[in-house]
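Participant: Sequence:
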Amino acid sequence: MQEEEEQDTTEAEEKEEEEPDTTTKYTDVITEDAITTEGLFKTHMIGDELFYEIPLDMLDREMLLLTRIARTPDGAGYGGSKLNTSTVRWQKNSERIFLRLVSHSNIADDTTAIAGAVQNSNFEPILQSFDIEVMSEDSTAVVVEVTDMFTSDFALLGLSRFQRTNYGVRRLDGERTYIVRANAYPRNVEVRRVVTYDATQAPSNAAGNTMSMEMAHSMLLLPDDPMEPRLCDERVGYFSNTRTDFSLDVQRAETRCFITRWRLDPSDPEAYARGELVDPVNPIVYYIDPATPPKWVPYLIQGVEDWQVAFEEAGFSNAIVAREAPKDDPDWSPEDARYSVIRYLASDVQNASGPHVHDPRTGEILESDIQWYHNVM
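First residue of the sequence shown: 4, per our numbering; consecutive thereafter.
Treat the hints with caution; some may be incorrect.
As the list claims (entries may be wrong) - Using C-beta positions, here's what the derived DEER-type ranges look like:
{"id": "1", "residue 1": "177", "residue 2": "139", "range": "51 to 59 Å"}
{"id": "2", "residue 1": "142", "residue 2": "357", "range": "39 to 47 Å"}
{"id": "3", "residue 1": "302", "residue 2": "126", "range": "50 to 58 Å"}
{"id": "4", "residue 1": "134", "residue 2": "357", "range": "39 to 47 Å"}
{"id": "5", "residue 1": "349", "residue 2": "114", "range": "25 to 33 Å"}
Hint data in this document are derived by calculation from the structure and do not stem from the laboratory.
Note that CB positions come from ideal geometry on N, CA and C, so glycine has one too.
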(Lines of atoms letter the chains of each structure in order from A; the text may use other names.)
(Lines give C-alpha, C1' and ligand atoms only; values in the text may rest on other atoms or scores of the structure.)
Protein backbone atom coordinates (compact mmCIF):
# COMPACT_ATOMS: atom_id res chain seq x y z
CA MET A 4 0.00 0.00 0.00
CA GLN A 5 2.78 2.40 0.91
CA GLU A 6 4.58 1.61 -2.37
CA GLU A 7 1.37 2.41 -4.31
CA GLU A 8 0.99 5.76 -2.50
CA GLU A 9 4.62 6.64 -3.21
CA GLN A 10 4.13 5.70 -6.86
CA ASP A 11 0.97 7.87 -7.11
CA THR A 12 2.81 10.81 -5.53
CA THR A 13 5.72 10.43 -7.94
CA GLU A 14 3.37 10.28 -10.95
CA ALA A 15 1.53 13.41 -9.75
CA GLU A 16 4.80 15.29 -9.32
CA GLU A 17 5.94 14.23 -12.79
CA LYS A 18 2.60 15.36 -14.24
CA GLU A 19 2.95 18.78 -12.59
CA GLU A 20 6.45 19.12 -14.02
CA GLU A 21 5.20 18.23 -17.51
CA GLU A 22 2.37 20.81 -17.53
CA PRO A 23 3.64 24.09 -19.03
CA ASP A 24 3.17 27.37 -17.19
CA THR A 25 0.60 29.27 -19.29
CA THR A 26 0.56 32.36 -17.07
CA THR A 27 1.41 35.46 -19.09
CA LYS A 28 4.47 37.17 -17.72
CA TYR A 29 5.16 40.91 -17.89
CA THR A 30 8.23 40.27 -20.04
CA ASP A 31 6.11 38.24 -22.46
CA VAL A 32 4.16 41.42 -23.27
CA ILE A 33 6.64 44.24 -22.62
CA THR A 34 9.71 42.79 -24.26
CA GLU A 35 13.29 44.04 -24.26
CA ASP A 36 12.56 45.73 -27.61
CA ALA A 37 10.14 48.18 -25.97
CA ILE A 38 10.84 51.91 -26.16
CA THR A 39 9.54 53.06 -22.77
CA THR A 40 8.79 56.49 -21.33
CA GLU A 41 7.63 57.15 -17.77
CA GLY A 42 5.31 59.83 -16.42
CA LEU A 43 1.57 60.04 -15.73
CA PHE A 44 1.68 56.42 -16.81
CA LYS A 45 4.22 54.45 -18.81
CA THR A 46 4.12 54.17 -22.58
CA HIS A 47 5.74 51.26 -24.39
CA MET A 48 6.30 51.27 -28.17
CA ILE A 49 7.13 47.82 -29.52
CA GLY A 50 7.46 48.06 -33.28
CA ASP A 51 4.15 49.48 -34.51
CA GLU A 52 2.30 48.60 -31.31
CA LEU A 53 1.62 50.95 -28.39
CA PHE A 54 0.94 49.84 -24.82
CA TYR A 55 -0.13 51.95 -21.84
CA GLU A 56 0.86 50.88 -18.34
CA ILE A 57 -1.73 52.66 -16.21
CA PRO A 58 -1.24 52.81 -12.41
CA LEU A 59 -4.24 51.61 -10.43
CA ASP A 60 -4.33 54.95 -8.60
CA MET A 61 -4.89 56.70 -11.96
CA LEU A 62 -8.09 54.76 -12.59
CA ASP A 63 -11.27 56.84 -12.18
CA ARG A 64 -9.24 60.07 -12.28
CA GLU A 65 -10.61 62.66 -14.70
CA MET A 66 -8.36 63.60 -17.61
CA LEU A 67 -8.66 65.77 -20.69
CA LEU A 68 -8.26 64.09 -24.06
CA LEU A 69 -7.08 66.69 -26.59
CA THR A 70 -6.66 66.29 -30.33
CA ARG A 71 -4.76 68.79 -32.46
CA ILE A 72 -3.47 68.87 -36.01
CA ALA A 73 0.33 68.96 -35.99
CA ARG A 74 0.94 68.94 -39.75
CA THR A 75 -1.68 69.29 -42.43
CA PRO A 76 -2.00 69.29 -46.23
CA ASP A 77 -2.47 72.60 -48.02
CA GLY A 78 -6.01 73.88 -47.70
CA ALA A 79 -6.92 71.81 -44.62
CA GLY A 80 -6.27 74.31 -41.85
CA TYR A 81 -3.06 74.90 -39.94
CA GLY A 82 -0.69 73.03 -37.69
CA GLY A 83 -1.74 73.59 -34.09
CA SER A 84 -5.48 73.73 -34.80
CA LYS A 85 -7.54 72.04 -32.10
CA LEU A 86 -10.02 69.40 -33.25
CA ASN A 87 -11.54 68.09 -30.03
CA THR A 88 -11.41 68.32 -26.24
CA SER A 89 -13.19 65.75 -24.08
CA THR A 90 -13.12 64.70 -20.44
CA VAL A 91 -12.47 60.99 -19.92
CA ARG A 92 -11.50 58.51 -17.25
CA TRP A 93 -10.09 54.98 -17.19
CA GLN A 94 -12.16 52.38 -15.34
CA LYS A 95 -11.41 48.76 -14.45
CA ASN A 96 -14.19 46.25 -15.03
CA SER A 97 -13.23 42.67 -14.17
CA GLU A 98 -10.54 41.74 -16.72
CA ARG A 99 -11.08 44.76 -18.95
CA ILE A 100 -10.30 48.47 -18.88
CA PHE A 101 -12.90 50.96 -20.12
CA LEU A 102 -12.31 54.48 -21.37
CA ARG A 103 -15.42 56.45 -20.43
CA LEU A 104 -16.68 59.89 -21.45
CA VAL A 105 -17.37 62.29 -18.55
CA SER A 106 -19.90 65.13 -18.72
CA HIS A 107 -20.12 68.22 -16.51
CA SER A 108 -23.22 69.71 -18.17
CA ASN A 109 -25.50 68.80 -15.26
CA ILE A 110 -24.20 69.23 -11.72
CA ALA A 111 -25.31 69.00 -8.10
CA ASP A 112 -23.59 69.40 -4.76
CA ASP A 113 -22.32 65.95 -3.72
CA THR A 114 -23.75 66.45 -0.23
CA THR A 115 -27.33 66.80 -1.51
CA ALA A 116 -29.81 63.97 -2.03
CA ILE A 117 -30.52 65.01 -5.61
CA ALA A 118 -26.88 64.39 -6.54
CA GLY A 119 -27.75 60.70 -6.92
CA ALA A 120 -30.58 61.48 -9.33
CA VAL A 121 -28.30 63.71 -11.40
CA GLN A 122 -25.70 60.96 -11.54
CA ASN A 123 -28.33 58.43 -12.64
CA SER A 124 -29.29 60.74 -15.51
CA ASN A 125 -25.70 61.18 -16.68
CA PHE A 126 -24.50 57.61 -17.23
CA GLU A 127 -21.05 57.73 -18.82
CA PRO A 128 -20.71 56.20 -22.31
CA ILE A 129 -18.01 53.58 -22.81
CA LEU A 130 -15.79 54.91 -25.60
CA GLN A 131 -13.24 52.10 -25.76
CA SER A 132 -12.71 48.71 -24.14
CA PHE A 133 -9.31 47.05 -23.69
CA ASP A 134 -8.19 43.62 -22.54
CA ILE A 135 -5.79 43.66 -19.61
CA GLU A 136 -2.71 42.13 -21.21
CA VAL A 137 -0.82 41.71 -17.93
CA MET A 138 -0.24 43.40 -14.59
CA SER A 139 2.95 45.34 -13.92
CA GLU A 140 5.71 43.41 -12.20
CA ASP A 141 4.81 44.98 -8.84
CA SER A 142 1.03 44.58 -9.47
CA THR A 143 0.40 48.34 -9.13
CA ALA A 144 -0.55 48.97 -12.77
CA VAL A 145 -2.46 47.40 -15.65
CA VAL A 146 -1.00 47.02 -19.13
CA VAL A 147 -3.33 47.53 -22.11
CA GLU A 148 -2.64 47.72 -25.83
CA VAL A 149 -4.02 50.93 -27.33
CA THR A 150 -2.75 50.52 -30.90
CA ASP A 151 -6.23 50.10 -32.38
CA MET A 152 -7.47 53.26 -30.67
CA PHE A 153 -4.92 55.28 -32.65
CA THR A 154 -5.07 53.38 -35.96
CA SER A 155 -8.85 53.00 -36.28
CA ASP A 156 -11.49 55.68 -36.91
CA PHE A 157 -12.15 56.68 -33.29
CA ALA A 158 -14.33 59.81 -33.47
CA LEU A 159 -12.72 61.71 -30.57
CA LEU A 160 -9.30 61.39 -32.19
CA GLY A 161 -10.26 62.35 -35.73
CA LEU A 162 -11.79 64.97 -37.97
CA SER A 163 -15.06 66.64 -37.04
CA ARG A 164 -18.31 65.79 -38.83
CA PHE A 165 -18.14 69.11 -40.67
CA GLN A 166 -14.61 68.38 -41.91
CA ARG A 167 -15.54 64.86 -42.97
CA THR A 168 -18.46 66.19 -44.99
CA ASN A 169 -16.44 69.08 -46.41
CA TYR A 170 -13.61 66.81 -47.60
CA GLY A 171 -15.86 63.94 -48.66
CA VAL A 172 -14.21 61.51 -46.25
CA ARG A 173 -15.28 57.94 -46.94
CA ARG A 174 -13.12 56.02 -44.49
CA LEU A 175 -9.86 55.96 -42.56
CA ASP A 176 -7.28 53.72 -44.19
CA GLY A 177 -5.66 51.66 -41.44
CA GLU A 178 -2.89 50.49 -43.79
CA ARG A 179 -1.72 54.09 -44.19
CA THR A 180 -2.30 55.17 -40.60
CA TYR A 181 0.37 54.61 -37.97
CA ILE A 182 1.71 55.77 -34.61
CA VAL A 183 4.84 57.91 -34.86
CA ARG A 184 5.83 58.09 -31.20
CA ALA A 185 4.55 58.31 -27.62
CA ASN A 186 5.95 60.26 -24.68
CA ALA A 187 4.93 60.36 -21.03
CA TYR A 188 5.39 63.35 -18.72
CA PRO A 189 4.46 63.88 -15.04
CA ARG A 190 0.88 65.02 -15.75
CA ASN A 191 0.30 64.18 -19.40
CA VAL A 192 0.90 61.64 -22.15
CA GLU A 193 1.51 62.73 -25.75
CA VAL A 194 1.00 60.59 -28.85
CA ARG A 195 1.77 61.50 -32.46
CA ARG A 196 0.26 59.61 -35.37
CA VAL A 197 -0.08 59.94 -39.13
CA VAL A 198 -3.66 59.38 -40.28
CA THR A 199 -4.81 58.85 -43.87
CA TYR A 200 -8.36 59.23 -45.14
CA ASP A 201 -9.93 58.27 -48.44
CA ALA A 202 -11.55 61.58 -49.40
CA THR A 203 -13.37 62.53 -52.61
CA GLN A 204 -12.85 66.26 -51.96
CA ALA A 205 -9.31 66.21 -50.58
CA PRO A 206 -8.07 69.81 -50.17
CA SER A 207 -4.83 69.19 -52.09
CA ASN A 208 -3.77 66.52 -54.58
CA ALA A 209 -7.47 65.86 -55.05
CA ALA A 210 -6.85 63.51 -57.96
CA GLY A 211 -5.52 60.91 -55.54
CA ASN A 212 -8.66 60.98 -53.37
CA THR A 213 -6.33 60.85 -50.38
CA MET A 214 -5.67 63.12 -47.43
CA SER A 215 -2.88 62.47 -44.90
CA MET A 216 -2.05 64.56 -41.85
CA GLU A 217 -0.14 64.28 -38.61
CA MET A 218 -2.18 64.55 -35.43
CA ALA A 219 -1.12 65.16 -31.84
CA HIS A 220 -3.10 63.65 -28.97
CA SER A 221 -2.71 64.67 -25.34
CA MET A 222 -4.09 63.02 -22.22
CA LEU A 223 -3.81 65.52 -19.39
CA LEU A 224 -4.59 64.84 -15.72
CA LEU A 225 -6.91 67.51 -14.29
CA PRO A 226 -5.65 69.45 -11.23
CA ASP A 227 -5.63 67.56 -7.93
CA ASP A 228 -6.85 70.68 -6.11
CA PRO A 229 -9.65 72.18 -8.22
CA MET A 230 -9.75 75.96 -8.43
CA GLU A 231 -12.71 77.86 -6.97
CA PRO A 232 -15.06 78.62 -9.91
CA ARG A 233 -16.09 82.23 -10.51
CA LEU A 234 -19.56 83.22 -11.69
CA CYS A 235 -19.98 85.24 -14.87
CA ASP A 236 -20.77 88.95 -14.70
CA GLU A 237 -22.51 90.32 -17.79
CA ARG A 238 -20.73 93.65 -17.29
CA VAL A 239 -17.35 92.05 -18.00
CA GLY A 240 -16.49 90.02 -21.10
CA TYR A 241 -15.03 86.56 -20.51
CA PHE A 242 -15.09 83.23 -22.25
CA SER A 243 -17.39 81.08 -20.17
CA ASN A 244 -19.06 77.72 -19.52
CA THR A 245 -22.68 77.08 -18.64
CA ARG A 246 -23.92 74.22 -16.49
CA THR A 247 -27.30 73.20 -15.15
CA ASP A 248 -27.27 73.11 -11.34
CA PHE A 249 -29.90 70.91 -9.68
CA SER A 250 -28.87 71.55 -6.06
CA LEU A 251 -29.83 75.22 -5.70
CA ASP A 252 -32.40 76.00 -3.00
CA VAL A 253 -34.95 77.44 -5.43
CA GLN A 254 -36.98 74.31 -6.24
CA ARG A 255 -35.87 74.28 -9.85
CA ALA A 256 -32.76 73.64 -11.90
CA GLU A 257 -31.00 76.77 -13.07
CA THR A 258 -28.32 77.46 -15.63
CA ARG A 259 -25.18 78.85 -14.06
CA CYS A 260 -22.41 80.58 -15.97
CA PHE A 261 -18.75 80.32 -14.93
CA ILE A 262 -15.87 82.21 -16.52
CA THR A 263 -12.66 80.63 -17.73
CA ARG A 264 -9.60 82.26 -16.15
CA TRP A 265 -5.97 81.74 -15.26
CA ARG A 266 -5.20 80.59 -11.74
CA LEU A 267 -2.86 83.00 -9.97
CA ASP A 268 -2.05 82.19 -6.35
CA PRO A 269 0.28 84.54 -4.41
CA SER A 270 3.65 83.05 -3.49
CA ASP A 271 3.54 85.09 -0.24
CA PRO A 272 -0.11 85.26 0.92
CA GLU A 273 0.71 87.46 3.93
CA ALA A 274 2.53 90.07 1.85
CA TYR A 275 -0.25 89.91 -0.73
CA ALA A 276 -2.82 90.54 2.00
CA ARG A 277 -0.84 93.63 3.06
CA GLY A 278 -1.17 94.99 -0.46
CA GLU A 279 2.40 94.30 -1.54
CA LEU A 280 3.26 93.09 -5.05
CA VAL A 281 4.17 89.40 -5.05
CA ASP A 282 5.01 86.88 -7.75
CA PRO A 283 2.40 84.19 -8.43
CA VAL A 284 3.19 80.57 -7.60
CA ASN A 285 2.72 79.66 -11.26
CA PRO A 286 3.05 82.59 -13.66
CA ILE A 287 1.43 82.59 -17.10
CA VAL A 288 4.13 81.59 -19.58
CA TYR A 289 3.82 81.88 -23.36
CA TYR A 290 6.40 80.30 -25.65
CA ILE A 291 7.14 81.79 -29.06
CA ASP A 292 6.71 79.34 -31.93
CA PRO A 293 10.15 78.38 -33.36
CA ALA A 294 8.62 78.95 -36.82
CA THR A 295 8.25 82.68 -36.09
CA PRO A 296 10.47 84.94 -38.25
CA PRO A 297 13.31 86.04 -35.90
CA LYS A 298 12.77 89.74 -36.53
CA TRP A 299 9.31 89.57 -34.94
CA VAL A 300 10.24 87.54 -31.85
CA PRO A 301 11.32 90.48 -29.60
CA TYR A 302 8.08 92.32 -30.37
CA LEU A 303 5.89 89.34 -29.59
CA ILE A 304 7.71 88.92 -26.27
CA GLN A 305 7.22 92.61 -25.53
CA GLY A 306 3.56 92.41 -26.51
CA VAL A 307 2.98 89.66 -23.94
CA GLU A 308 4.96 91.25 -21.12
CA ASP A 309 3.36 94.67 -21.62
CA TRP A 310 0.38 93.10 -19.85
CA GLN A 311 2.37 92.83 -16.62
CA VAL A 312 1.20 96.29 -15.52
CA ALA A 313 -2.42 95.13 -15.67
CA PHE A 314 -1.66 92.22 -13.36
CA GLU A 315 0.20 94.55 -11.00
CA GLU A 316 -3.12 96.30 -10.43
CA ALA A 317 -4.32 92.93 -9.13
CA GLY A 318 -1.31 92.64 -6.82
CA PHE A 319 0.93 90.36 -8.91
CA SER A 320 4.42 91.02 -10.22
CA ASN A 321 5.88 89.04 -13.13
CA ALA A 322 2.50 87.40 -13.62
CA ILE A 323 2.85 86.92 -17.37
CA VAL A 324 6.06 86.29 -19.31
CA ALA A 325 7.10 85.17 -22.78
CA ARG A 326 10.01 82.94 -23.70
CA GLU A 327 11.57 81.63 -26.85
CA ALA A 328 10.93 77.94 -27.37
CA PRO A 329 13.91 75.81 -26.26
CA LYS A 330 16.03 74.91 -29.26
CA ASP A 331 17.94 71.99 -27.74
CA ASP A 332 15.09 70.10 -26.06
CA PRO A 333 13.92 67.23 -28.29
CA ASP A 334 10.93 66.65 -26.00
CA TRP A 335 9.57 70.19 -26.44
CA SER A 336 6.61 70.43 -28.79
CA PRO A 337 4.08 73.22 -29.38
CA GLU A 338 1.35 70.55 -29.33
CA ASP A 339 2.37 69.43 -25.82
CA ALA A 340 -0.55 70.16 -23.47
CA ARG A 341 1.85 71.57 -20.86
CA TYR A 342 2.76 74.63 -22.90
CA SER A 343 1.01 77.81 -23.97
CA VAL A 344 2.34 78.89 -27.36
CA ILE A 345 2.01 81.81 -29.76
CA ARG A 346 1.74 79.86 -33.01
CA TYR A 347 2.89 81.49 -36.24
CA LEU A 348 0.69 80.33 -39.12
CA ALA A 349 1.60 80.41 -42.80
CA SER A 350 -1.61 82.03 -43.99
CA ASP A 351 -2.51 84.92 -46.28
CA VAL A 352 -5.48 85.71 -44.04
CA GLN A 353 -5.22 88.81 -41.85
CA ASN A 354 -6.37 87.30 -38.60
CA ALA A 355 -5.47 85.94 -35.18
CA SER A 356 -7.29 83.83 -32.60
CA GLY A 357 -6.76 82.67 -29.05
CA PRO A 358 -8.24 79.25 -28.24
CA HIS A 359 -7.49 77.74 -24.85
CA VAL A 360 -7.89 74.54 -22.85
CA HIS A 361 -9.57 74.69 -19.45
CA ASP A 362 -10.66 72.49 -16.59
CA PRO A 363 -14.38 71.82 -17.30
CA ARG A 364 -15.07 71.52 -13.57
CA THR A 365 -13.84 74.98 -12.60
CA GLY A 366 -12.98 77.05 -15.66
CA GLU A 367 -9.26 77.14 -14.83
CA ILE A 368 -7.28 77.80 -18.01
CA LEU A 369 -4.64 75.10 -18.28
CA GLU A 370 -2.96 76.28 -21.47
CA SER A 371 -3.61 78.63 -24.36
CA ASP A 372 -2.43 78.79 -27.96
CA ILE A 373 -2.57 82.14 -29.72
CA GLN A 374 -2.69 81.63 -33.48
CA TRP A 375 -0.94 84.50 -35.27
CA TYR A 376 -1.47 84.62 -39.04
CA HIS A 377 1.43 85.72 -41.26
CA ASN A 378 -0.50 88.45 -43.08
CA VAL A 379 -1.36 90.25 -39.85
CA MET A 380 2.06 91.82 -40.29
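Participant: It remains to establish, for every hint, whether it holds in the given structure.
Facilitator: Hint-by-hint comparison with the structure:
At roughly 29 Å, the beta-carbon separation of residue 177 and residue 139 lies outside the given 51 to 59 Å, and the hint is violated. As the Cβ distance of residue 142 to residue 357 is approximately 45 Å, the hint placing it in 39 to 47 Å holds. Separated by about 51 Å at the C-beta atoms, residue 302 and residue 126 satisfy the suggested range of 50 to 58 Å. Distance hint check: the CB atoms of residue 134 and residue 357 are about 42 Å apart, consistent with the given range 39 to 47 Å.
At about 53 Å, the beta-carbon gap between residue 349 and residue 114 misses the expected band of 25 to 33 Å.
Going down the numbered hints, you'll see the structure goes against 1 and 5, while the others check out.
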